Amino acid sequence: MNKLYLECYSGISGDMFVASLIDLGASVEVLENALKSIPIQGFETKITRVSKSGIDACDFNVILNEEYNNHDHDMKYLYGDNKQENLGENHNHNINNNSNYENIIRRSSSESL
Numbered sequence: 001m002n003k004l005y006l007e008c009y010s011g012i013s014g015d016m017f018v019a020s021l022i023d024l025g026a027s028v029e030v031l032e033n034a035l036k037s038i039p040i041q042g043f044e045t046k047i048t049r050v051s052k053s054g055i056d057a058c059d060f061n062v063i064l065n066e067e068y069n070n071h072d073h074d075m076k077y078l079y080g081d082n083k084q085e086n087l088g089e090n091h092n093h094n095i096n097n098n099s100n101y102e103n104i105i106r107r108s109s110s111e112s113l
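When we follow the UniProt record's numbering, the leftmost residue of the sequence shown carries the number 1, and every step to the right adds one.
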């Protein structure tokens, strides 16, 4: 068995991680089939090759359809029933806490319940 060790002391984004796995030989077909099996709509993926500063690499992008690319502060599933009470403690524009991807997952999860 092979091991892969990632030293991400400054973090790593999901798209960078997926692109790295594709560069290492992960099957794009398996990835696309796995993404199609997720009960989420409103996105597509784009995989290309890029060259930056003389380094050739895979570029993996998740493109959200316009209808899902919102910034709605009134969503119950984000803030609970009492949004005013919860707004101060939960409202954060930090991409790690309230990204559109998380909103899509929350919306899909609540719709499938």
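Because the hints were derived from the structure by calculation, they are not lab data. No experiment lies behind these values; they were computed from the predicted model shown. The C-beta atom is built at its ideal place from N, Cα and C for all residues, glycine as well. There could be a bad hint or two in this list.
[What the hints assert, rightly or not] Lysine-lysine pairs mimicking DSSO-like chemistry, simulated, CA-CA at most 30 angstroms apart:
no. : residue 1 : residue 2
1   : Lys-36    : Lys-46
2   : Lys-52    : Lys-3
3   : Lys-36    : Lys-3
4   : Lys-46    : Lys-3
[What the hints assert, rightly or not] Okay, the calculated beta carbon distance ranges per label pair:
no. : residue 1 : residue 2 : range
5   : Asp-59    : Leu-4     : 29 to 35 angstroms
6   : Glu-7     : Gln-41    : 19 to 25 angstroms
7   : Met-1     : Leu-64    : 23 to 29 angstroms
8   : Gly-14    : Asn-65    : 36 to 42 angstroms
9   : Val-28    : Met-1     : 21 to 27 angstroms
10  : Lys-46    : Met-1     : 27 to 33 angstroms
11  : Val-62    : Tyr-9     : 23 to 29 angstroms
12  : Gln-41    : Leu-6     : 28 to 34 angstroms
13  : Tyr-9     : Ser-37    : 15 to 21 angstroms
14  : Tyr-5     : Thr-48    : 36 to 42 angstroms
15  : Gln-41    : Leu-21    : 40 to 46 angstroms
Hint check results:
no.	hint	verdict
1	Lys-36 / Lys-46	holds (14 angstroms)
2	Lys-52 / Lys-3	holds (27 angstroms)
3	Lys-36 / Lys-3	holds (27 angstroms)
4	Lys-46 / Lys-3	holds (27 angstroms)
5	Asp-59 / Leu-4: 29 to 35 angstroms	violated (20 angstroms)
6	Glu-7 / Gln-41: 19 to 25 angstroms	violated (36 angstroms)
7	Met-1 / Leu-64: 23 to 29 angstroms	violated (36 angstroms)
8	Gly-14 / Asn-65: 36 to 42 angstroms	violated (18 angstroms)
9	Val-28 / Met-1: 21 to 27 angstroms	holds (23 angstroms)
10	Lys-46 / Met-1: 27 to 33 angstroms	holds (32 angstroms)
11	Val-62 / Tyr-9: 23 to 29 angstroms	holds (25 angstroms)
12	Gln-41 / Leu-6: 28 to 34 angstroms	holds (31 angstroms)
13	Tyr-9 / Ser-37: 15 to 21 angstroms	violated (33 angstroms)
14	Tyr-5 / Thr-48: 36 to 42 angstroms	violated (27 angstroms)
15	Gln-41 / Leu-21: 40 to 46 angstroms	violated (24 angstroms)
Checked against the numbered hints given earlier, this structure breaks hints 5, 6, 7, 8, 13, 14, 15; the rest are met.
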